[in-house]
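Trainee: Model the full assembly from the supplied sequences, consistent with the hints where possible.
In the order they appear, the protein sequences are chains F and R. Each residue of the first sequence is one higher than the last, beginning at -5 in the working numbering. Each residue of the second sequence is one higher than the last, beginning at -5 in the working numbering.
In case anyone wonders, no lab produced these hints; they're calculated from the structure. These numbers come from a predicted model, not from an experiment. Misleading hints may appear alongside valid ones.
Just so you know, same-sequence chains aren't split out, so a pair can sit in one copy or run between any two.
Pairs of lysine-lysine, BS3-like flavour, derived with a Cα cap of 27 Å [as the list claims (entries may be wrong)]:
#	residue 1	residue 2
1	Lys4	Lys118
2	Lys48	Lys178
3	Lys203	Lys178
4	Lys237	Lys178
5	Lys178	Lys63
6	Lys207	Lys1
7	Lys48	Lys237
2 protein chains.
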Amino acid sequence: MLLNSMKNRKTIRQYTEQDIPDCLLNELLDVAARASNTGNMQLYSVVVTRDMAKKEELAPAHFNQPMVKTAPVVLTFCADANRFVKWAEQRNAEPGFDNFQTFIAATIDSMLFAQAFCTAAEEKGLGICYLGTTTYNASPIIDALNLPHLVVPVTTVTVGYPAHDPAQPERLPLEAIFHTEEYKDYTPEAIHQLYKEKEELETNINYVKENRKETLAQVFTDIRYTKKNNEYFSEVFLEVLRKQGFL
Amino acid sequence: MLLNSMKNRKTIRQYTEQDIPDCLLNELLDVAARASNTGNMQLYSVVVTRDMAKKEELAPAHFNQPMVKTAPVVLTFCADANRFVKWAEQRNAEPGFDNFQTFIAATIDSMLFAQAFCTAAEEKGLGICYLGTTTYNASPIIDALNLPHLVVPVTTVTVGYPAHDPAQPERLPLEAIFHTEEYKDYTPEAIHQLYKEKEELETNINYVKENRKETLAQVFTDIRYTKKNNEYFSEVFLEVLRKQGFL
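Mentor: Below is the structure:
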């Protein structure tokens, strides 16, 4: 039953050597293209990487996370207004798609397409991993994949047959992310209650120790997602949007 | 079989009066929270609207599309760094999440969560419709839902039991959105081939006539997604990001 498999899913970072046949990959992308999109303009593209030389070119942009080279297939999902604009210009129409709102619509389209792909892929026994590094290092990815004006990579998914069965990571309780009628801002006591279970997990206690921090939150703010990096990569990505014509 | 139902899915804009029980809605959101997210920070929230007075408040922000009032449930998916930042500050950590890169990560997280929700909901016989108006009129939605600093609505989904069975809209052929190893930019001939089938559909031919335009592309550029509106709503949304603290 689908809901059970969606509920039990996990990100897979290790893959067997089994390849993914083109016909299966195409079927999954075809299914994914049935996801909703803005005005049926389909403002997205996906670039499929199977070639090892190309994976090696992409790897540094993903801080050399091993999945880029060990997965049989790497998918780069792109916000793409280029195809639509070329069509419009060829049809005596004057597109005004070189702006931020189009980038946001195209990003949303790309993500719905990517997530529909991932659910379909997992249903077929594949494992997937999203790489959040894509928007940090969009510029070298644009170069490696030869992305034109009005095309920006927004996420990358590595795909293959699972070679491990990791424990499922925790999630916040549903009441943490759920608001009824209006957003109910969090009191200190609510925050404490909602994050308590996460903080008390042995894996997270060890994670704090390994990183020589006092609290789990500090691992995120001091090591994984620092203010300095967040601000640096914000400027870099805004510059990419300007260069690609969306800002 | 899931892949078939995903392949045959359609956006549903008309709903029966049957309500969605809380337990089902919670189950679907719980399943959806299993979608991948950035660093397991879950930078999203969902606001559930069932109350008619609140729907009436939201409706103008969605240009009074009837689904907002006729669907039993309206879900507003929000990029949310507020909860995480409050937690970090309470745990002796110094978050630097008031920036564009965090907004993008939170938007991606929200969209994967939203799309996983929609797939799960459809599997349970519900119908959904995404409203792209959310990023146009984020400001009145922020007011209506009382969204704090570092929270921005990015999409809205109306949900209910289907009261119609519309024809499935066309999609571009897979080769239009698919690139092997590198982005292959589109020649005029390729554009013509890829859009031909879409343009020759009777529904689209009629759509061009009804709108008194010469080409299908013009319906998009002159009526539905004009340069003027795209640029206006880009400025408005950038201002929302500044006001909410992401830019």
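Trainee: State whether the alpha carbon distance between Lys48 and Lys178 is at most 27 Å within one copy, between copies, both, or neither.
Mentor: Classified as between; 15 Å across copies, 47 Å inside a copy.
Trainee: With identical chains, the pair Lys237 and Lys178 could be close in the same copy or across copies; at 27 Å between alpha carbons, which is it: within, between, both, or neither?
Mentor: between (39 Å within a copy, 19 Å between copies)
Trainee: Is it within, between, both or neither when you check Lys4 against Lys118 at 27 Å Cα-Cα?
Mentor: both (14 Å within a copy, 22 Å between copies)
Trainee: Given identical chains, is Lys48 near Lys237, meaning Cα to Cα at most 27 Å, within a copy, between copies, both, or neither?
Mentor: within (23 Å within a copy, 41 Å between copies)
Trainee: Are the CA atoms of Lys207 and Lys1 at most 27 Å apart within a copy, between copies, both, or neither?
Mentor: Intra 32 Å, inter 47 Å, cutoff 27 Å: neither.
Trainee: Go through the copies and call it for Lys178 and Lys63: within, between, both or neither, with a Cα cutoff of 27 Å.
Mentor: between (44 Å within a copy, 23 Å between copies)
Trainee: Which holds for Lys203 with Lys178 at a C-alpha limit of 27 Å: within a copy, between copies, both or neither?
Mentor: neither (33 Å within a copy, 48 Å between copies)
Checked against the numbered hints given earlier, this structure breaks hints 3 and 6; the rest are met.
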